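Colleague: Line by line, the protein sequences give chains A and B. Residue numbering for the first sequence follows our numbering, starting at 5 and increasing by one per position. Residue numbering for the second sequence follows our numbering, starting at 5 and increasing by one per position.
Just so you know, not all the hints are guaranteed correct.
Said to hold, decoys possible - Facing chain B, according to a computed beta carbon distance under 10 Å, are these residues of chain A, among others:
no., residue
1, Val60
2, Ala64
3, His114
4, Gly124
To be verified - Pulled from the structure, derived: some chain B residues nowhere near chain A, Cβ distances all over 10 Å:
no., residue
5, Asp69
6, Ala70
7, Pro142
8, Val221
9, Ser228
Source of the hints: derived by calculation from the structure; they are not laboratory data. Note that the structure is predicted; figures quoted are calculated from it, not measured. By construction, the Cβ of each residue, glycine as well, lies at the ideal position given by its N, Cα and C atoms.
There are 2 protein chains.
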Amino acid sequence: MLTFIGLGLYDERSITVEGREALRSADRAFAEFYTSKLIGTTVEELADHHDVDIDVRDRAGVEQDAEAILDAADDGDAAFLTAGDTMISTTHVDLRLRAHERGIETRIVHGVTAQSAASGLTGLQNYRFGKATTLPFPYAHGADGTPKSVVDTIGDNRERGLHTLVYLDIKVGYERAGVDADDEYMTGEFAAGEFARDWDGDALGVVVARAGSPEPVVAADRLSALAEREFGDPLHMLIVPASLHDLEAEALSAFGDAPSDLIDENTV
Amino acid sequence: MLTFIGLGLYDERSITVEGREALRSADRAFAEFYTSKLIGTTVEELADHHDVDIDVRDRAGVEQDAEAILDAADDGDAAFLTAGDTMISTTHVDLRLRAHERGIETRIVHGVTAQSAASGLTGLQNYRFGKATTLPFPYAHGADGTPKSVVDTIGDNRERGLHTLVYLDIKVGYERAGVDADDEYMTGEFAAGEFARDWDGDALGVVVARAGSPEPVVAADRLSALAEREFGDPLHMLIVPASLHDLEAEALSAFGDAPSDLIDENTV
Numbered sequence: 005m006l007t008f009i010g011l012g013l014y015d016e017r018s019i020t021v022e023g024r025e026a027l028r029s030a031d032r033a034f035a036e037f038y039t040s041k042l043i044g045t046t047v048e049e050l051a052d053h054h055d056v057d058i059d060v061r062d063r064a065g066v067e068q069d070a071e072a073i074l075d076a077a078d079d080g081d082a083a084f085l086t087a088g089d090t091m092i093s094t095t096h097v098d099l100r101l102r103a104h105e106r107g108i109e110t111r112i113v114h115g116v117t118a119q120s121a122a123s124g125l126t127g128l129q130n131y132r133f134g135k136a137t138t139l140p141f142p143y144a145h146g147a148d149g150t151p152k153s154v155v156d157t158i159g160d161n162r163e164r165g166l167h168t169l170v171y172l173d174i175k176v177g178y179e180r181a182g183v184d185a186d187d188e189y190m191t192g193e194f195a196a197g198e199f200a201r202d203w204d205g206d207a208l209g210v211v212v213a214r215a216g217s218p219e220p221v222v223a224a225d226r227l228s229a230l231a232e233r234e235f236g237d238p239l240h241m242l243i244v245p246a247s248l249h250d251l252e253a254e255a256l257s258a259f260g261d262a263p264s265d266l267i268d269e270n271t272v
Numbered sequence: 005m006l007t008f009i010g011l012g013l014y015d016e017r018s019i020t021v022e023g024r025e026a027l028r029s030a031d032r033a034f035a036e037f038y039t040s041k042l043i044g045t046t047v048e049e050l051a052d053h054h055d056v057d058i059d060v061r062d063r064a065g066v067e068q069d070a071e072a073i074l075d076a077a078d079d080g081d082a083a084f085l086t087a088g089d090t091m092i093s094t095t096h097v098d099l100r101l102r103a104h105e106r107g108i109e110t111r112i113v114h115g116v117t118a119q120s121a122a123s124g125l126t127g128l129q130n131y132r133f134g135k136a137t138t139l140p141f142p143y144a145h146g147a148d149g150t151p152k153s154v155v156d157t158i159g160d161n162r163e164r165g166l167h168t169l170v171y172l173d174i175k176v177g178y179e180r181a182g183v184d185a186d187d188e189y190m191t192g193e194f195a196a197g198e199f200a201r202d203w204d205g206d207a208l209g210v211v212v213a214r215a216g217s218p219e220p221v222v223a224a225d226r227l228s229a230l231a232e233r234e235f236g237d238p239l240h241m242l243i244v245p246a247s248l249h250d251l252e253a254e255a256l257s258a259f260g261d262a263p264s265d266l267i268d269e270n271t272v
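Bound conformation, chain A alone (with noise of 0.2 Å):
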């Protein structure tokens, strides 16, 4: 049997009853955290608190080498383990895929997503956000600026009443080869940034801080505004909204500081 299961947010206690429960059953554990991280703890701190052993993998460990997870879900039961939600990457679907080849038993535990709490900590509506999207460093892309798909994404969900979740790239250092080996994290104000100057930056935008941690931080404010600003501890999102309803209005106001200016040329 394999489990795949999804850790949440933010530190151990992000998990799922369930979770804990299939992965301190569990006879082997593997774990990712090149799709995402958990900030709040450590795989240290993690394998302490649940009295298990963690086989963490890079992405060639995973995608290049995924027999020995394999073979340890077909003797046993075996774990494996991502930050927020599992199956968020194909890496996940295609390694299930491969489990079922095999005839393995595959189970899925879902986790938290930044996506619902971008909603929740905001206040704004769950069903009025579109398609979301991705902003890489740009030494990732190669290309100039932001990129064109990036923006088109907002611009259309815009254009259908629809807000845009943007989710900020990570890299895990040992991914970039020659360059030192810290992880890195675009910030909130990094992104802000790069719209602002590329895009609009009259418009409004929503940083999350540290979504599914003890003290998330909310900040509305213009994009140019937000770029200014520091937001400190990874992870960070920004949300592009747009036009806000009623309730939506307020919460951001009461939640994110709008500047009341702001809210009332966005809202609709």
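Based on the hints, put chain B in the right spot on chain A.
Modeller: Chain B in isolation, oriented as in the chain A frame:
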């Protein structure tokens, strides 16, 4: 302090560890189950499991009589529970705003959503979902056939190459005055039949039944064929996919038993 806690999708073990701790340390616990329900447990079992009393409120008891909840949050630690995530409904945002106006601190403990489960279980990629929609019971919207707004959402999403998650209506018995008091849950087969009649019976649909339970079901077939099947106990969802990427096609074949000719027709 007023803590909004998402209970997750299925039973008393679907809550996060953090949520469980917050619930157990609360002085008072309130809940609403008119926007969604936990199918795998009862209120009594939930209360027993966490050793708390739970004051379940109907819609009027939340929207028109919030004072009791706010008073409890003013006097101590109050928890407000919902199935799935919290803040999905405007009800919850409104309650949080009222607490804020009274100077009561609020906190959100996120829960697993049906949306991430729908993506994870089917292998349809999360970033390829557009705006979600809800199919209401025919008696609830009053018009003949499937509401135009629902069909339009599917069409708009497909034009942009995006999948549509269709939530299926639930009615908690006591909300329908004059009708028997059983809860009603729209089934996947009913919804597929509605779309087959009013939109396109040959199109690919995916029913997801009992997401978050130990034995979820995923079934991919033509809408007209799905309409002839029975998917058993609630809750159900229906996905109308856009053209499939290769890995998505493989996943729907492996985990949803999609007919191969239908997959070929729908793969880019």
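Colleague: Confirm or reject each hint.
Modeller: Comparing the hints with the structure gives:
1. Val60: Violated. Min distance 21 Å.
2. Ala64: At 19 Å from the nearest chain B Cβ, A:Ala64 fails the 10 Å test, so the hint is violated.
3. His114: holds, 5 Å
4. Gly124: holds, 4 Å
5. Asp69: holds, 19 Å
6. Ala70: holds, 14 Å
7. Pro142: holds, 21 Å
8. Val221: holds, 13 Å
9. Ser228: For B:Ser228, whose nearest Cβ neighbour in chain A is about 27 Å away, the distance exceeds 10 Å, so it holds.
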